[in-house]
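S.K.: Per the working numbering, the sequence shown starts with residue 1, numbered consecutively.
Check each hint, because a few of them may be wrong.
[As the list claims (entries may be wrong)] Taking lysine-lysine and the DSSO-like style, the derived pairs with C-alpha atoms no more than 30 Å apart in a straight line are:
1. K144 <-> K217
2. K187 <-> K202
3. K202 <-> K144
4. K185 <-> K202
5. K187 <-> K144
6. K103 <-> K144
7. K103 <-> K216
8. K216 <-> K202
9. K236 <-> K202
10. K217 <-> K103
Bear in mind the hints are in silico, worked out from the structure with no lab data behind them.
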Amino acid sequence: SERAAALLAEQQRGERRRQYVVVAGVVAVLALIAGLTWYAMSTDKTGATNSSTPQSTEDYGVVVGAADAPTEVTIYEDPQCPVCGQFESAVGDQLASAIDDGKVRVTYRLVSFLDRASTNDYSSRAANAAFVVADQAGSEGFRKFHELLYANQPAEGGAGPEDEQLIAWAVQAGADEATVSSMIKDKVFEQYVVDATDAMSKNDVTATPTVFVDGKKVATLRGAGIAPAQLQNIFKPFF
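Let the sequences and hints guide you as you build the complete structure.
M.R.: Dropping the structure here:
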């Protein structure tokens, strides 16, 4: 009869509505599980994510020195870069004195493109560790850690210091061992290092070290064998 047919049709519509509700519920649950899985994979034991930004950084740099210093210096460097090591050896003390005297404010922009010059990815691991120290021990802790990295810079082509050594230097620089150990081992700022390196290219910086003083490029230093006196003379007028 027509009434029976109408009841059957209504029953079928109700069944379809229940099926839609079930399917929508399953989709929502799967989306929630996927989101939680992504979060768990991207979060280290301290709760920081691999795409997070370290504290004490700005525009992919760590700033050291008085905010009212009359001279602004920006240095792009790779921890594995031997010429960066030469620059630090020749000019580091001169620059440190200028920072302490309130004459210079330095933004260190660490990047990583020299993992290929290391058998254990030292470049990116050291950059990550430096940002961990900046995050946990502030700019002064970073400054001490930065000095330790270059005082112990490995030669290209071999293995650089392992994570345990980086952790020991981080502690020496003032960071808490229990906090930084997992952050260094898990490379918690790995993506930040990648982004910092990309930003270097976008800023038309093509080599390390590259140094800007008050926004003007002073030098891009390439090749080995740069005399310390030459470097000191280049930067003496500025700091």
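S.K.: Run every hint past the structure and note whether it holds.
M.R.: Verification of the hints:
Among the hinted pairs, K144 with K217 is consistent with the structure: their alpha-carbon atoms are about 26 Å apart, no more than 30 Å. Restraint check for K187 and K202: satisfied, since their Cα atoms lie roughly 24 Å apart, inside the 30 Å limit. Distance hint between K202 and K144 is fulfilled; the C-alpha atoms sit about 29 Å from each other, no more than 30 Å. For the suggested pair K185 and K202, the alpha carbons sit about 29 Å apart, so the restraint of at most 30 Å is met.
For the suggested pair K187 and K144, the alpha carbons sit about 20 Å apart, so the restraint of at most 30 Å is met. Taking the CA atoms of K103 and K144, the gap is near 19 Å; set against the 30 Å cutoff, the hint holds. A hinted pair counts as satisfied when its Cα atoms are at most 30 Å apart, and K103 with K216 qualifies at roughly 17 Å. Between K216 and K202, the direct Cα distance comes to roughly 16 Å. Compliance with the 30 Å bound is thereby established for this hinted pair.
For a cut-off of 30 Å, the pair hint linking K236 to K202 stands: about 29 Å separates their Cα positions. At roughly 19 Å between alpha-carbon atoms, K217 and K103 fall within 30 Å of each other, so this suggested pair holds.
The earlier numbered hints are all upheld by this structure, with none contradicted.
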